[in-house]
Amino acid sequence: MKNGITGLRQNNFLDVGLDTWIGRVDEIEEQVLPGSLINYQCRNNQLAYLALQQDDFHFAVEQAKQHYGADRLGLFLGTSTAGILSTELAYQSDFFKTTGILPESCHFREQHNSFSITEFIRKLYQLKGPAQVISTACSSSAKVFASAARYIELGLCDAAIVGGVDSLCLTTLYGFNSLELVASEICRPADQNRSGLSIGEGAAFILLEKAERVDEQQSPVYLRGYGESSDAYHMSSPHPEGRGAYQAMQQALESAAMDAAHIDYVNLHGTATPVNDQMEDKALAQVFSSPVACSSTKGWTGHTLGAAGSVEAIYSALCIQHNFMPQSLNTLTPDPAFTQTILMQSSLSNHSTSSIHSVASNSFGFGGNNCCLIFGDQPC
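Start counting the sequence shown at -11; every next residue gets the next number (my numbering).
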């Protein structure tokens, strides 16, 4: 991110005939799930399995399980299409075309089913605590933070794995294209000539624990607040004045007991579609009395849909830990109608002068499902 190198590439996924750019994760196809869980083998679960092997996360989960107990560790994940690709490919198979029967490799419950990803990870780690999948399109894995926090506050679990997983599939690529939201060029969030989004895939997992469990040597990042709204303006278009987006951000600030002036940086939902970016700028103008530094990180990953909220929560944590604000990658000329400060270059702040203390991260989904998360370097 510091070097401004994108993860996007021209579309090379299966035989999808779309002239567009995608965020495709390497090495997914090589992932083989453990033998006892082989029925869960699908692109979405393979992507999750690959992600779980990063950054010693497996070790952190095992430590948490030993400390809290398998029945006190919750699991809250977001996805939009889960393993639907396995079903899509099954219907395209020669076996189905010949017999009218889905091949034996197609396992609806373990692959296509939205709960598949949570059931797979629950069995992988032998967890017995509360488990939940949220599927609210692009806000899915932001909302899991709110759900997990409430479960912990209510004493229903002591800690939680939160995150999101969404993988490339035919429904997503062709579906967004049919809505005329997919750009033929690389996505350019907040650009005056933006023409649409680049679809990506991703997985992100975070261990959410009570503040008193934090090891101060690990540069802890705290979930300060969260806000959710559902304006239900339209099935696939946001409210043009950003009503629900504003409500989510305002609720997040109230939850964090913070004033908007204390937010140092906003990670935009920033999909690079003309309507979404304009709506978000209008919502920000209602929240902040003066322009706030903001950027979209979808220039690196594309829009990872159900995984975007958690992917960008990790971006937000990195911003705080490294005093870093990323540029809005691929943005050439910010839309002159925008009121907020779109970052055109990444900046690494000097600790002694201007540290990044608080970050807000926006995620807005179809049907007006909105979520804003606020992270900080200090607990509430």
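These are calculated hints, taken from the structure and not from any lab test. Treat each hint with caution, since some may be false.
So the derived label-pair ranges between C-beta atoms look like this [what the hints assert, rightly or not]:
| # | residue 1 | residue 2 | range |
| --- | --- | --- | --- |
| 1 | ASP44 | GLN180 | 20 to 30 Å |
| 2 | HIS55 | SER218 | 16 to 26 Å |
| 3 | ARG138 | SER207 | 34 to 44 Å |
| 4 | PHE83 | SER224 | 13 to 23 Å |
| 5 | HIS46 | PHE83 | 45 to 55 Å |
| 6 | LEU38 | GLU76 | 18 to 28 Å |
| 7 | GLN114 | THR321 | 45 to 55 Å |
| 8 | GLN19 | HIS55 | 25 to 35 Å |
| 9 | ASP82 | PRO367 | 52 to 62 Å |
| 10 | ALA199 | GLU92 | 46 to 56 Å |
| 11 | SER218 | LEU336 | 15 to 25 Å |
Here a beta-carbon is modelled for each residue, glycine too, at the ideal position from N, C-alpha and C.
Taking the hints in turn, this is what the structure says about them:
1. ASP44 - GLN180: 20 to 30 Å: Check failed, 43 Å falls outside 20 to 30 Å.
2. HIS55 - SER218: 16 to 26 Å: violated, 36 Å
3. ARG138 - SER207: 34 to 44 Å: violated, 26 Å
4. PHE83 - SER224: 13 to 23 Å: Taking Cβ atoms as reference, PHE83 and SER224 lie about 34 Å apart, which means the hint is violated.
5. HIS46 - PHE83: 45 to 55 Å: About 36 Å separates the Cβ atoms of HIS46 and PHE83, which means 45 to 55 Å is violated.
6. LEU38 - GLU76: 18 to 28 Å: holds, 21 Å
7. GLN114 - THR321: 45 to 55 Å: holds, 52 Å
8. GLN19 - HIS55: 25 to 35 Å: holds, 28 Å
9. ASP82 - PRO367: 52 to 62 Å: Given range 52 to 62 Å: holds, Cβ gap about 58 Å.
10. ALA199 - GLU92: 46 to 56 Å: holds, 49 Å
11. SER218 - LEU336: 15 to 25 Å: violated, 37 Å
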